[in-house]
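Number of protein chains: 2
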Amino acid sequence: MSTEKTLFHLDDPAGGIPRVLAEGLTTTVFPGDQAMLSVVRLAPNAEGTRHSHPEEQWGVLLEGSAARYQGDEVFEVGPGHFWRTPGGVEHTVKAGPEGAVILDVFAPVREAYLKPGEGFGES
Amino acid sequence: MSTEKTLFHLDDPAGGIPRVLAEGLTTTVFPGDQAMLSVVRLAPNAEGTRHSHPEEQWGVLLEGSAARYQGDEVFEVGPGHFWRTPGGVEHTVKAGPEGAVILDVFAPVREAYLKPGEGFGES
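Chains as they are written, first to last, in our numbering: chain X, 981 to 1103; chain F, 981 to 1103.
It is worth saying that the hints were derived from the structure and are not from the lab.
Positions of the beta carbon are idealized from the N, C-alpha and C atoms, including for glycine.
Keep in mind that a hint or two might mislead.
What the hints assert, rightly or not - Reference listing, derived: stretches of chain X covered by chain F, where coverage requires no fewer than 3 residues with Cβ under 8 Å from a Cβ of chain F: (1) 987-999; (2) 1014-1022; (3) 1062-1072; (4) 1076-1087; (5) 1090-1096.
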């Protein structure tokens, strides 16, 4: 039986890797073998920088509200909304006035997020 | 710009594929290219059958409570708990007395879940 930790909590950074994505956007990253989860906390009105990466990404809005920009589209999202961002599609997010918590999923694993750091990675 | 639907909601099956996993366990499956999301609704005390598959799986308990069995371990989970199930590890879940809603993530995509059906797939 593996002793590797497999149980986590959205409100507990234990087992995760800290990353500051941008001013007011912090995340805790939980890597697996085939996918990676990232619990992103956004301060009110905080926004990321537009970027893309080859990995597919899914986001789930857990708390608050946000505007999701990807490609030529923008979605206003609230709790329970989720979205898919195909690899290579430029995207960013801007939190609403109360901030937001977003669960991101990357598949395959984003190598740039395997160690603590800042920013959205290289590409 | 792709016209493919990329925005969904946890409470809305639009854009997803229905599947009955077991008695009292129903899901809506949202496939991508590299990962697949599955929004599972469990009736009170409903339980799945123990199974495994080569794809990595993550689960996030969104509502209710459950017992998560995987390998030789069992976790009691409530809202906000999430867990990783490496490929090939046997697992199942049993809902608590109020039922549960669980968001599952598979990477890569589980081919068996790409069409409507019943059960946990072939392996």
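Exercise. Which numbered hints are broken by the structure, listed smallest first?
Worked result: Number 5 - this is the single hint that the structure violates.
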